[in-house]
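Protein chains in written order, with our numbering: chain A, 1 to 269; chain B, 1 to 249; chain C, 1 to 249.
Each hint should be verified, as a subset may be incorrect.
[To be verified] Here are the simulated EDC-like cross-link-like pairs (lysine to aspartate or glutamate), alpha carbons at most 20 Å apart as the crow flies: (1) B/Lys180 to C/Asp214; (2) B/Lys180 to A/Glu71; (3) B/Lys150 to A/Asp208; (4) A/Lys36 to A/Glu71; (5) C/Lys241 to B/Asp142; (6) A/Lys36 to A/Asp208; (7) B/Lys45 to B/Asp214; (8) B/Lys31 to B/Asp214.
No wet-lab data here; the hints were simulated from the structure.
Residue strings, one per chain:
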Amino acid sequence: MTEVVARLSDVSRVYPPRAGHAAVHALGPLSLELRKGEFFSVVGPSGCGKSTLLDVMAGLSPPSQGTVEFENRRIDGNVPDGVGVVFQEDASFPWLTVEDNVAFGLRRLGMDAGEVRRRVDFAVGFMGLNDFRRAYPSQLSGGMRQRVCIARTLVLQPRLILLDEPFGALDQQTRLLMGDELLRLWRETSATVMLITHALDEANLLSDRIGVMSARPGRFIDVVETGWPRDRDSRLAERPDFGAVTSRLWSLLRTESMLAMGQGVAAAQ
Amino acid sequence: MSKAGWIRTFVLVAFFGAVEALCRTGVISPKLVIAPSAMVQAMVKLLGSGELNADIGETLSSVGIAMTLSIVGGFALGCVLYWLPPLRRAFDPFLAAYYSLPHFAFYPLLIVIFGLGSLPLIVLATLFAMVAMIMATLTGLDRIPRVLIKTARMQRLSLVSEIWHIRLPAAAPHLFSGLKLAVTYSFIGVIAGEFILSTSGLGHQIAYSYDNFDNPKMYGLILFVLGIATAFNLLVFAYERRLARQRGL
Amino acid sequence: MTAVRSLRGPLLLTLTLLVAWQILHQWAGDTALTAPLPTLEHLWLMIGQRRFLPHLRETGLAFAQALAIAWLGGVGMGVLLGGHRLSGEVAEPILVGLYSLPKITLYPVILLLFGLGMSAKVAFGALHGIIPVVLFTMNAVRNVNRTYLRTGQAMRLTPAQKGWYILIPATLPEIFTGLRIGFSLTLLGTMLGELFASQRGLGFLLMTAIELNDVQTILSIAVLISLFAVIANSILLAIDKRLHRGAAA
């Protein structure tokens, strides 16, 4: 029986009404169990609450109802030790070099300088940033900056890595290559990974399991098992059975996406 | 130097050259404006003679103290307002209108409270400059990208650590703008105060030489004050450029 | 109803200020600071007096003229400098430098050039207000989203249509902020100008009161000007916020 590393039980998130806005039921109720060491993706139409799901899972946002557990302990509104998050927007610190960015978290923990250097060297090397150690983020491309953010999370040796559409701003080719890197990272660290993405191919390619969310308020319609081997990369797409999974995802999502589009129009009015 | 830089230098040289020529040929009467070269001469003479050393010291130290107090105080108050939104909303209209209020009208009141001398002047200038720093602090804190705060939480930083290592560096460019404004307004506050109601200091000397039709001395003094202010601003600007280049701004 | 709620904070603050004023009065005595109520009574009486109106009109006229120059001249120059890239690049550091200069230092020069009277006041006020208007307008025009312009091109709009339907709405929020800041600084400059430049106007009354140590009049005039400043700025701020709500964050 595989160990469960994180669990959401009947979680929902409702944003209370504010001046001029009604209450927003952003998520749930939904339940989810992340198996230790798996690569789990979440796909769903725009506005369905994917990012909210990640915030709740990471402890960045408390659920309005239900419980969140990480390693069998309830999360109480703080991010627990062992969880790392890579955000959609560029979170690199523009006032620090790449090196200092990556070392940031470790230095705050008061870790001994030798250990810091060791971990930073590893992460920087792993993410292909060796030539840019002394550069500032403003001198790097978007993809490189995301690598800096990933490296910065990596050095903390998280057991659960959450990524919120990390490759959203990148072009397709870069996305595919970054996906390969992500898989490499996953295998090397043996961490559990949850990835939020809107790209069905990407979810298919990278994941062991894919959770499909409905339109807002997001709930899981289904969880698709891919059964891909652990040792995979972007060439997986050449397999004849690859397309079937993507088609399955789309058939689940198509109606929900149309619903979400209607919601978008209504929200704008 | 860039093309714009060359053109700018040319424009400035041409402008001052023209003024110089017009003054020397008498088209502009020396009772109005004396030639720029004469201004420089007068300034050098004044500085060299040492007769103004006391006034210079007095004005500059007043500016220095006002500057420091307004920057530190303005920053602190800005933080307080940021953390207490209802208080901030109450102050908003007053902060926005602050720089059209007649501060110098309160100078006599300050003299009664603090006595004669530099102190009421420093208080006046500090109060004048502080709000610029408060507003810049608020803007800086407002504009910290949310994702950086989320990163702080993800890194499980203590509040102090979050403020020191993330919020402050992220807000730094705006804080720096506030600093520049605080410096400018400290100068204005002190000099204006010295014009109105003072018996010493550079502002007073300028007013005195104006009243006595002593144009060379007046222009020499004005040039000196503007020179110091500009030199200071250039320093600050150069440092700011370095910071901005680092961040790719 | 939200309008009433948003007034609650500033009203509370005003009340607190009045209370603080009263307390300060008790402590400092009548020769330093007259109490709020008597001051307001005096102000009311003063406004009613026949000889007061000419002064008010004088200041109003000076301010209106200075504001017109600052706003119209500022926007005009800003548009030109913003539209022509090289000119903008050349001018910007000069303008920024002028902005941070303590222009009060140039006051005697303005008096010499314009003589005593209305023109000096208008010049001084306009000098203070025009620079931020130029800077903000220049920035607004320079930074118009290229995509908007290309959309206009793709729709085959005439230059006039592009100007009216795209450029003006796109630049308006930023320009308005410049106008708002220019308003405050023009008022400041005009008031400063009036302190010495003429025998009429609120500034003159204020200066006379300062010299006679007529605290009640000093405060009355200060309150009058402050009221005007705060109300005008609140209106401008509200418009400013409104304009920015639609603009991209």
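Please list, smallest to largest, the hint numbers that this structure does not respect. 1, 2, 3
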